[in-house]
Amino acid sequence: MSALSQKHLLGIKYIQKSDIELILQTASRFKEVLQRPIKKVPSLRDITIANLFFEDSTRTRISFELAEKRLSADTINFSASNSSVKKGETLLDTVRNILAMKVDMVVMRHSSSGAPVFLSQHIPASIVNAGDGTNEHPTQALLDAYSMTEKFGTLKGLRVLIVGDITHSRVAGSNIPLLQKMGAEVTVCGPPTLIPKHLPELGVRVETNLKKALQWCDVANVLRIQLERMDIKFVPTLREYSLFYGINRELLDSLNKQITIMHPGPINRGVELNSDVADSGQSLILQQVENGVAVRMAVMYLLAGRE
Amino acid sequence: MNILIRLAKIIDTGSKHHNTVKDVFIQNGVIAKIGSNLKPTGKYTEVKLKGLQLSLGWVDMNSYFADPGFEHKETIESGCKAAAAGGFTHVCAMPNTMPIMHNKSMVEYMLSKAKDNIVNLLPVGAVTQKCEGKELAELYDMFHAGAVAFSDGGNPSLNAGLLERALDYIKAFDGILLVHPEDKSIAKHGVMHEGIFSTKLGLPAMPAFAETLAVARDLFVLDYTQSRLHFLDISLKKSLELIKNAKKKNGKLTVSVNAYNLLFTDEAVGSYNTQFKLNPPLRLSEDIAAMVKAIQEGTVDTITSQHQPHEEDCKKLEFDKADFGMIGLETSFAVANTALNNKVDTETLVKLFSTNARKILKLEENSINEGNRADLTLFSTDTKWTFTEKDIFSQSKNTPFIGKQFVGKPLGIVNNNQVFLSSELQ
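Chains as they are written, first to last, in the working numbering: chain A, 152 to 458; chain B, 1024 to 1449.
A portion of the hints provided could be inaccurate.
In silico lysine-lysine, BS3-like type, Cα no more than 27 angstroms apart, as pairs [claimed, not checked]: (1) Lys1339(B) <-> Lys253(A); (2) Lys1223(B) <-> Lys307(A); (3) Lys1207(B) <-> Lys348(A); (4) Lys164(A) <-> Lys1339(B); (5) Lys158(A) <-> Lys182(A); (6) Lys1382(B) <-> Lys1260(B); (7) Lys168(A) <-> Lys1223(B); (8) Lys1207(B) <-> Lys1261(B).
Keep in mind the hints are simulated off the structure, nothing from the lab.
Put together the whole structure using the sequences plus the hints.
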């Protein structure tokens, strides 16, 4: 198997286990490239990629851009803050206008869940979902999977805990189906106001006591509490959130095992993670960032039909 | 206009000819003769089709016409054509126009634009000024101008105190409120039913009890005021349980369900299909079963279209940005009949589409008997057909039903000394 079953990466929901395996294998080849003195390959020099960020992003945008440059693709960047979107243009019009300039692939972040699926029904270019609303962020889940595989050898049977605002998290939205497809066990932990009511029907365990949840897991993927997404306060105060759902050294040391800590970034230090955890040897956070470039290179390389 | 309807089965419990197959001759808008092998003299149109059925004209209690303000979506003329094609001789127009229909002159505008139309337009005045849920609109004045009922449409903004005042106030003229039950503090910005599919799609969702909670609250207010209230848009098993109990105590409480809720579950949203972005949203199969049972038991009084026309640009969007609603006048009977096929008899269907709404809205009493005004719908509960774009008479085409096979079809209406016939009868 050396080609993806899909033309787009719209979400983990839409790809198969064999696609995930192929992306992870390809990523490890690119990770090797990134260790070389010349960190660049000519694979996509005939490809033009548009990075369409309808929602603010720093690290994901930079990671994609760097991945594109390492593959020698031509890139254009678009961000909604200085664009026609403010003048009332529809998503479809914006994208069609950009595609008219002969763009082959679109990397898109958008605030509406399902926006990449909608776009894929109307445009010919390949689409990489760089985060849609509260739905999915598939490349984040892939780089998380890559980082966990690197550390543990396999995802099968691995106990993964996701902590925080599950309802509004596209990271959880992609991590959960990916981990399930790869045979890991998933538990989520957070205030009940931030856990979707129907998650157990999807085979996900819910635990509201953080210490119990941490004691269970091999890896804790800690999410950023996204206050900017909430028009209603789902927790009384950040102080209270950090008291009951924040992870600090003392808590980690009270467990009878060493667990691994991950975070998709950016971290609210002192809220969901204390510095003595984030910067410790138990943390995989910077490896995640590094692996992100290799994983995104793999995704775009494979979507461009290179084998 | 003279028309001879050959061999139609008359479904009208108020008619001497109920459940019999007869010829019906209509002369100058009046039922001149009902009998067998009629041979009228003079000029007339004759219609004939195997399996033809005839009832009093149908009434839709839940339609949004976008005129004035959004004439690019629907005008009163195009909306009335859609109603005629759907078998309706009467259609309630919700007040959510621009400006809002919240005073006498707006009611008069509606009525004057629909004057001389084959379809009787029934204005539903706003309960509160601008449908803002703050101050009562001039309900009495609108009633005198011809408003048949009052509603803030899909705007569930009435707090309990204002609902109490409105229900009390309309007792002076035995008016009725049409209420869309939805607690916005629960439904928030939800765009579909909360369940396993909304979770998988990562879409903001409406917990089902947003409807049930509003029903429960409104029933307490109704119990206190002892006024007349009609629930529109009921879509849940639990809501129907509450309503069934409440109806035992209050004979004036009535309720309708939308046809589309009988046919699809939330799974139909599929890959973010905005044609299924609806409010009430598509529910679960247990809710459909409960609605069917409530229809069989008589708890549900009417089936409505919730006709909401939108141009393509309002639907060809990201799911959360698309508008709610579908056009429904042309399809609501076919959708309901397909969903209820072999589960209810034709007499019950006629109650759901015609006679119950006539009583609720206190329309003129009528029956299919000689000498009465011809206000009739021709239909067939057996016709198998595929809905296509050419069956759309609305100015907007936002429907998920194109290409869908139905059982049962509205075939024409006779009303106001005019006739509309479907292609089968032409």
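Now the hints, each set against the structure:
1. Annotation: proposed proximity of Lys1339(B) to Lys253(A) holds, straight-line Cα distance about 23 angstroms (limit 27 angstroms).
2. The straight-line distance between the Cα atoms of Lys1223(B) and Lys307(A) is roughly 22 angstroms, inside the 27 angstroms bound, and the hint therefore holds.
3. With a C-alpha separation of about 18 angstroms, the suggested pair Lys1207(B) and Lys348(A) falls inside the 27 angstroms cut-off, and the hint holds.
4. Between Lys164(A) and Lys1339(B) the CA atoms are separated by roughly 23 angstroms; this keeps the pair inside 27 angstroms, and the hint holds.
5. Restraint check: the Cα-Cα separation between Lys158(A) and Lys182(A) comes to about 23 angstroms, which is no more than 27 angstroms; the hinted pair holds.
6. Restraint check for Lys1382(B) and Lys1260(B): the C-alpha separation of about 25 angstroms stays at or below 27 angstroms, so the hint holds.
7. Proposed proximity of Lys168(A) and Lys1223(B) is supported: the alpha carbons are some 18 angstroms apart, at most 27 angstroms.
8. In summary, the hint linking Lys1207(B) to Lys1261(B) is supported, as the alpha carbons are separated by about 18 angstroms, within the 27 angstroms threshold.
Consistency note: the structure conflicts with none of the earlier hints.
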